[in-house]
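**Student:** So you can see what is in the structure, the chains are spelled out below.
2 protein chains.
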Amino acid sequence: MNNFEFHNPVKIFFGKGQLDKLAGLIPAGSKVLMLYGGGSIKKNGVYDGVKTALKDYQLFEFRGIEPNPHYETAMKAVALIKAENINFLLAVGGGSVIDATKFIASAALYTEGDPWDMLAKYKPSKGALPFGAVLTLPATGSEMNAGAVITREETGEKLAFGTPFTFPQFSVLLPDAAATLPKRQVANGVVDAFMHVMEQYSTYPANAPLQDRFAESILQTLIEEGPKAYANPADYDAMSNLMWCATMALNGLIGKGVPQDWAVHMMGHELTAKFGIDHARTLAIIAPSHYTFNLAAKKDKLAQYGERVWGITAGTQEEKARKAIGKTVDFFHSLGIDTQLSKYTNAFEGTAQLVAKRFTERGWTGMGERKQLQPADVEKIVEMSY
Amino acid sequence: MNNFEFHNPVKIFFGKGQLDKLAGLIPAGSKVLMLYGGGSIKKNGVYDGVKTALKDYQLFEFRGIEPNPHYETAMKAVALIKAENINFLLAVGGGSVIDATKFIASAALYTEGDPWDMLAKYKPSKGALPFGAVLTLPATGSEMNAGAVITREETGEKLAFGTPFTFPQFSVLLPDAAATLPKRQVANGVVDAFMHVMEQYSTYPANAPLQDRFAESILQTLIEEGPKAYANPADYDAMSNLMWCATMALNGLIGKGVPQDWAVHMMGHELTAKFGIDHARTLAIIAPSHYTFNLAAKKDKLAQYGERVWGITAGTQEEKARKAIGKTVDFFHSLGIDTQLSKYTNAFEGTAQLVAKRFTERGWTGMGERKQLQPADVEKIVEMSY
Numbered sequence: 006m007n008n009f010e011f012h013n014p015v016k017i018f019f020g021k022g023q024l025d026k027l028a029g030l031i032p033a034g035s036k037v038l039m040l041y042g043g044g045s046i047k048k049n050g051v052y053d054g055v056k057t058a059l060k061d062y063q064l065f066e067f068r069g070i071e072p073n074p075h076y077e078t079a080m081k082a083v084a085l086i087k088a089e090n091i092n093f094l095l096a097v098g099g100g101s102v103i104d105a106t107k108f109i110a111s112a113a114l115y116t117e118g119d120p121w122d123m124l125a126k127y128k129p130s131k132g133a134l135p136f137g138a139v140l141t142l143p144a145t146g147s148e149m150n151a152g153a154v155i156t157r158e159e160t161g162e163k164l165a166f167g168t169p170f171t172f173p174q175f176s177v178l179l180p181d182a183a184a185t186l187p188k189r190q191v192a193n194g195v196v197d198a199f200m201h202v203m204e205q206y207s208t209y210p211a212n213a214p215l216q217d218r219f220a221e222s223i224l225q226t227l228i229e230e231g232p233k234a235y236a237n238p239a240d241y242d243a244m245s246n247l248m249w250c251a252t253m254a255l256n257g258l259i260g261k262g263v264p265q266d267w268a269v270h271m272m273g274h275e276l277t278a279k280f281g282i283d284h285a286r287t288l289a290i291i292a293p294s295h296y297t298f299n300l301a302a303k304k305d306k307l308a309q310y311g312e313r314v315w316g317i318t319a320g321t322q323e324e325k326a327r328k329a330i331g332k333t334v335d336f337f338h339s340l341g342i343d344t345q346l347s348k349y350t351n352a353f354e355g356t357a358q359l360v361a362k363r364f365t366e367r368g369w370t371g372m373g374e375r376k377q378l379q380p381a382d383v384e385k386i387v388e389m390s391y
Numbered sequence: 006m007n008n009f010e011f012h013n014p015v016k017i018f019f020g021k022g023q024l025d026k027l028a029g030l031i032p033a034g035s036k037v038l039m040l041y042g043g044g045s046i047k048k049n050g051v052y053d054g055v056k057t058a059l060k061d062y063q064l065f066e067f068r069g070i071e072p073n074p075h076y077e078t079a080m081k082a083v084a085l086i087k088a089e090n091i092n093f094l095l096a097v098g099g100g101s102v103i104d105a106t107k108f109i110a111s112a113a114l115y116t117e118g119d120p121w122d123m124l125a126k127y128k129p130s131k132g133a134l135p136f137g138a139v140l141t142l143p144a145t146g147s148e149m150n151a152g153a154v155i156t157r158e159e160t161g162e163k164l165a166f167g168t169p170f171t172f173p174q175f176s177v178l179l180p181d182a183a184a185t186l187p188k189r190q191v192a193n194g195v196v197d198a199f200m201h202v203m204e205q206y207s208t209y210p211a212n213a214p215l216q217d218r219f220a221e222s223i224l225q226t227l228i229e230e231g232p233k234a235y236a237n238p239a240d241y242d243a244m245s246n247l248m249w250c251a252t253m254a255l256n257g258l259i260g261k262g263v264p265q266d267w268a269v270h271m272m273g274h275e276l277t278a279k280f281g282i283d284h285a286r287t288l289a290i291i292a293p294s295h296y297t298f299n300l301a302a303k304k305d306k307l308a309q310y311g312e313r314v315w316g317i318t319a320g321t322q323e324e325k326a327r328k329a330i331g332k333t334v335d336f337f338h339s340l341g342i343d344t345q346l347s348k349y350t351n352a353f354e355g356t357a358q359l360v361a362k363r364f365t366e367r368g369w370t371g372m373g374e375r376k377q378l379q380p381a382d383v384e385k386i387v388e389m390s391y
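Going down the list, the protein sequences come from chains Y and S. This note's numbering puts the first residue of the first sequence at 6, with every later residue one more than the last. This note's numbering puts the first residue of the second sequence at 6, with every later residue one more than the last.
Simulated from the structure, these hints should not be mistaken for lab results. One should not assume that every hint holds.
As the list claims (entries may be wrong) - Residues of chain Y clear of chain S, computed beta-carbon distances all greater than 12 angstroms:
{"no.": "1", "residue": "16"}
{"no.": "2", "residue": "75"}
{"no.": "3", "residue": "85"}
{"no.": "4", "residue": "119"}
{"no.": "5", "residue": "187"}
{"no.": "6", "residue": "209"}
{"no.": "7", "residue": "281"}
{"no.": "8", "residue": "382"}
Claimed, not checked - Using C-beta positions, here's what the derived DEER-type ranges look like:
{"no.": "9", "chain 1": "S", "residue 1": "324", "chain 2": "Y", "residue 2": "210", "range": "35 to 45 angstroms"}
{"no.": "10", "chain 1": "S", "residue 1": "367", "chain 2": "Y", "residue 2": "56", "range": "39 to 49 angstroms"}
{"no.": "11", "chain 1": "S", "residue 1": "33", "chain 2": "Y", "residue 2": "34", "range": "52 to 62 angstroms"}
{"no.": "12", "chain 1": "S", "residue 1": "354", "chain 2": "Y", "residue 2": "236", "range": "55 to 65 angstroms"}
{"no.": "13", "chain 1": "Y", "residue 1": "210", "chain 2": "S", "residue 2": "316", "range": "41 to 51 angstroms"}
{"no.": "14", "chain 1": "S", "residue 1": "316", "chain 2": "Y", "residue 2": "381", "range": "56 to 66 angstroms"}
{"no.": "15", "chain 1": "Y", "residue 1": "358", "chain 2": "S", "residue 2": "185", "range": "34 to 44 angstroms"}
{"no.": "16", "chain 1": "Y", "residue 1": "341", "chain 2": "S", "residue 2": "33", "range": "37 to 47 angstroms"}
{"no.": "17", "chain 1": "S", "residue 1": "354", "chain 2": "Y", "residue 2": "210", "range": "36 to 46 angstroms"}
{"no.": "18", "chain 1": "S", "residue 1": "365", "chain 2": "Y", "residue 2": "10", "range": "14 to 24 angstroms"}
{"no.": "19", "chain 1": "Y", "residue 1": "132", "chain 2": "S", "residue 2": "33", "range": "42 to 52 angstroms"}
To be verified - The calculated DSBU-like cross-link candidates involving lysine-lysine, where the alpha carbons are at most 35 angstroms apart (straight line), are:
{"no.": "20", "chain 1": "S", "residue 1": "16", "chain 2": "Y", "residue 2": "36"}
{"no.": "21", "chain 1": "Y", "residue 1": "60", "chain 2": "S", "residue 2": "328"}
{"no.": "22", "chain 1": "S", "residue 1": "128", "chain 2": "Y", "residue 2": "60"}
{"no.": "23", "chain 1": "Y", "residue 1": "126", "chain 2": "Y", "residue 2": "332"}
{"no.": "24", "chain 1": "Y", "residue 1": "87", "chain 2": "Y", "residue 2": "26"}
{"no.": "25", "chain 1": "S", "residue 1": "56", "chain 2": "Y", "residue 2": "376"}
{"no.": "26", "chain 1": "S", "residue 1": "328", "chain 2": "Y", "residue 2": "16"}
{"no.": "27", "chain 1": "Y", "residue 1": "188", "chain 2": "Y", "residue 2": "131"}
{"no.": "28", "chain 1": "S", "residue 1": "128", "chain 2": "Y", "residue 2": "26"}
{"no.": "29", "chain 1": "Y", "residue 1": "332", "chain 2": "S", "residue 2": "328"}
{"no.": "30", "chain 1": "S", "residue 1": "21", "chain 2": "Y", "residue 2": "16"}
{"no.": "31", "chain 1": "S", "residue 1": "36", "chain 2": "S", "residue 2": "21"}
{"no.": "32", "chain 1": "S", "residue 1": "87", "chain 2": "Y", "residue 2": "21"}
{"no.": "33", "chain 1": "Y", "residue 1": "131", "chain 2": "S", "residue 2": "36"}
{"no.": "34", "chain 1": "S", "residue 1": "328", "chain 2": "Y", "residue 2": "131"}
{"no.": "35", "chain 1": "S", "residue 1": "56", "chain 2": "Y", "residue 2": "131"}
{"no.": "36", "chain 1": "S", "residue 1": "348", "chain 2": "Y", "residue 2": "16"}
{"no.": "37", "chain 1": "S", "residue 1": "36", "chain 2": "Y", "residue 2": "279"}
{"no.": "38", "chain 1": "Y", "residue 1": "126", "chain 2": "Y", "residue 2": "362"}
Ideal Cβ positions, reconstructed from N, Cα and C, are used throughout, including at glycine.
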């Protein structure tokens with residue numbers, strides 16, 4: 006096991022009726038900005054629930070945070086915060102709203118130029134407004150981590166960001182609010198959580214058996230409960246289990262003391278930036294090619310994954326690894342998620358070169374768990390995913 | 006899954022060379038009290054390491070915290086803290102030192118009479134001095150939770166205690182400091198962690214498959230790594246894995262959203278209080294009888310445990326459950342830990358009646374995950390454990 010540091014101070018409130026706790030979690034007298042997306046929270050009752058819970062606060066609203074939230078949208082919220090002297094933010098919705106809120110909370114206190122520099126130029130964040138989250142959609146894990154991904158529409162860039170200040174103070178997880186989700190979003194949530202685990206697991210053995218088993222536990226539970234939640238989002242038990250899996254997949258725990266990869270995400274973000282493909286689906290497109298291309302480096306962990314998660318017993322390590330990749334593809338397909346870029350766009354030619362060029366321009370060399378991947382390798386992986 | 010709240014703000018620093026981080030974790034200018042046990046930290050280098058790391062602080066020492074730490078000893082530390090205006094505590098050692106430090110940190114700020122009332126009369130704690138921990142012994146999980154167990158020598162009582170203020174601010178986990186542990190203590194640590202998991206797992210199914218699998222992951226890893234660490238405490242990999250298992254076994258995570266039991270601990274504490282038997286060994290004495298006595302209530306989870314952790318495939322649910330209990334006993338024996346009270350004392354007659362009487366006096370009725378156990382049942386369970 007490698008040395009590690011772990012710290013996750015987020016207070017979690019999980020289950021039914023948890024909105025009642027909201028008022029106790031936000032300092033009395035706060036000027037609160039509720040941030041949300043396209044209005045689904047008005048259909049599932051959460052909007053009204055939050056308004057009722059916060060009736061004693063001065064409550065402002067910011068509507069319209071899009072999937073793969075935009076810098077441009079976030080900066081409008083920052084302007085509102087400054088104009089109204091808002092001092093507490095409440096993200097209500099899925100991971101995009103929470104991600105945007107993390108950026109907004111930081112940007113509101115950023116005084117040294119364009120807050121985008123925190124992402125594009127790795128300029129340090131020196132603080133953030135306090136914020137909490139109400140989660141209505143299991144997927145990203147943003148409710149229990151300090152990271153965010155923001156897209157700049159103007160340049161088509163999608164970049165990650167995280168600071169010690171951007172842990173939510175609390176997150177209220179509402180599986181019943183997910184009962185009315187479109188099946189497409191449930192499928193995306195399952196695959197997103199699944200791939201978060203895989204990025205922290207499909208590397209090389211590091212003698213960290215508990216971390217391995219925790220990762221496999223999440224994968225097994227996603228395989229078991231994900232299809233139930235996909236078939237019937239109103240299945241409270243299945244949705245609860247999916248939601249807790251998604252949170253645990255990316256709250257930092259399973260990645261401690263082990264190597265991590267994240268190259269699938271970096272390539273996937275480019276597909277979203279270019280084509281607007283749902284984040285989870287970009288991961289499903291890239292992952293099979295990535296694992297196949299890196300089979301020599303990853304085959305021991307992929308074989309272990311095949312054995313323990315998919316029950317594959319026959320064959321060499323390499324054969325087990327290849328079968329495990331096939332099982333993964335089948336699983337994604339069973340959720341209605343295609344795993345080839347050409348199923349999403351006819352304009353895929355040249356994408357591999359574009360992604361490799363962008364990585365080169367950003368100086369992103371040596372990616373992957375052994376820093377083994379160069380832009381030329383990225384080009385091959387993306388091309389394999391057509 | 007049941008509703009739950011989860012919050013664990015402890016910062017963890019795990020691995021080699023982590024003492025270098027200590028100075029950055031304690032506010033400059035603090036008057037620090039280092040608390041420790043019988044002096045093993047002087048042999049394994051940790052005492053010197055802490056002194057070096059904190060050379061710029063005004064550092065006081067309190068030595069002599071015993072296993073199953075005593076209220077009487079703790080109150081001596083409280084007197085020193087008050088006399089010297091100490092404002093930061095650092096527990097260095099195993100769970101007993103950390104438990105004692107939690108009580109001391111609270112007692113130092115308790116102004117409404119005898120701090121023992123926080124345990125015996127459930128009087129609320131209104132705060133605690135800030136404290137951190139340096140862990141040298143994998144066992145109790147105290148390094149990442151807010152709970153403690155304190156023994157009052159005068160009355161032979163051993164009671165649990167916990168407050169929102171008694172999370173360590175940080176814990177530095179040092180697997181290499183455990184290299185010189187006596188094998189007896191390693192065995193105790195494995196069984197202690199194992200039983201912490203079992204108390205949160207061996208109840209009834211609650212449709213919480215991720216929590217189940219996380220619990221099973223810890224049990225499997227303890228079964229795999231525990232014997233290696235027991236055979237050779239200097240096996241850094243095995244000790245690291247054991248240490249992380251012990252932390253994860255009782256940091257609150259696996260027990261969220263599921264029923265919990267803890268009756269084994271409550272009975273076990275009485276055996277320590279009366280006979281001075283090591284805490285872990287009292288759990289090994291009580292657990293088999295407890296599970297056998299409560300087989301009807303617990304058989305589904307015990308059968309699942311048998312299947313997934315021990316690979317038991319044949320038989321009815323009840324047969325699998327009984328075999329799983331047998332496997333557990335064999336595992337404890339393999340670590341040199343006896344599972345019958347009569348192996349520890351000849352004076353066992355009357356113990357069951359004494360324990361039942363104490364529980365009756367304290368009004369401890371309705372224990373266990375379904376509040377099904379009365380003192381009369383406790384008497385039978387303890388008697389079965391002779």
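**Student:** It remains to establish, for every hint, whether it holds in the given structure.
**Tutor:** Cross-check of the supplied hints:
{"no.": "1", "hint": "16", "in the structure": "4 angstroms, violated"}
{"no.": "2", "hint": "75", "in the structure": "32 angstroms, holds"}
{"no.": "3", "hint": "85", "in the structure": "30 angstroms, holds"}
{"no.": "4", "hint": "119", "in the structure": "31 angstroms, holds"}
{"no.": "5", "hint": "187", "in the structure": "23 angstroms, holds"}
{"no.": "6", "hint": "209", "in the structure": "15 angstroms, holds"}
{"no.": "7", "hint": "281", "in the structure": "32 angstroms, holds"}
{"no.": "8", "hint": "382", "in the structure": "31 angstroms, holds"}
{"no.": "9", "hint": "S:324 - Y:210: 35 to 45 angstroms", "in the structure": "36 angstroms, holds"}
{"no.": "10", "hint": "S:367 - Y:56: 39 to 49 angstroms", "in the structure": "46 angstroms, holds"}
{"no.": "11", "hint": "S:33 - Y:34: 52 to 62 angstroms", "in the structure": "33 angstroms, violated"}
{"no.": "12", "hint": "S:354 - Y:236: 55 to 65 angstroms", "in the structure": "60 angstroms, holds"}
{"no.": "13", "hint": "Y:210 - S:316: 41 to 51 angstroms", "in the structure": "22 angstroms, violated"}
{"no.": "14", "hint": "S:316 - Y:381: 56 to 66 angstroms", "in the structure": "46 angstroms, violated"}
{"no.": "15", "hint": "Y:358 - S:185: 34 to 44 angstroms", "in the structure": "58 angstroms, violated"}
{"no.": "16", "hint": "Y:341 - S:33: 37 to 47 angstroms", "in the structure": "57 angstroms, violated"}
{"no.": "17", "hint": "S:354 - Y:210: 36 to 46 angstroms", "in the structure": "53 angstroms, violated"}
{"no.": "18", "hint": "S:365 - Y:10: 14 to 24 angstroms", "in the structure": "47 angstroms, violated"}
{"no.": "19", "hint": "Y:132 - S:33: 42 to 52 angstroms", "in the structure": "21 angstroms, violated"}
{"no.": "20", "hint": "S:16 - Y:36", "in the structure": "30 angstroms, holds"}
{"no.": "21", "hint": "Y:60 - S:328", "in the structure": "57 angstroms, violated"}
{"no.": "22", "hint": "S:128 - Y:60", "in the structure": "34 angstroms, holds"}
{"no.": "23", "hint": "Y:126 - Y:332", "in the structure": "39 angstroms, violated"}
{"no.": "24", "hint": "Y:87 - Y:26", "in the structure": "27 angstroms, holds"}
{"no.": "25", "hint": "S:56 - Y:376", "in the structure": "38 angstroms, violated"}
{"no.": "26", "hint": "S:328 - Y:16", "in the structure": "39 angstroms, violated"}
{"no.": "27", "hint": "Y:188 - Y:131", "in the structure": "40 angstroms, violated"}
{"no.": "28", "hint": "S:128 - Y:26", "in the structure": "25 angstroms, holds"}
{"no.": "29", "hint": "Y:332 - S:328", "in the structure": "34 angstroms, holds"}
{"no.": "30", "hint": "S:21 - Y:16", "in the structure": "30 angstroms, holds"}
{"no.": "31", "hint": "S:36 - S:21", "in the structure": "26 angstroms, holds"}
{"no.": "32", "hint": "S:87 - Y:21", "in the structure": "46 angstroms, violated"}
{"no.": "33", "hint": "Y:131 - S:36", "in the structure": "29 angstroms, holds"}
{"no.": "34", "hint": "S:328 - Y:131", "in the structure": "57 angstroms, violated"}
{"no.": "35", "hint": "S:56 - Y:131", "in the structure": "32 angstroms, holds"}
{"no.": "36", "hint": "S:348 - Y:16", "in the structure": "45 angstroms, violated"}
{"no.": "37", "hint": "S:36 - Y:279", "in the structure": "57 angstroms, violated"}
{"no.": "38", "hint": "Y:126 - Y:362", "in the structure": "18 angstroms, holds"}
Taken one by one, the earlier hints fail for this structure at numbers 1, 11, 13, 14, 15, 16, 17, 18, 19, 21, 23, 25, 26, 27, 32, 34, 36 and 37, listed in ascending order.
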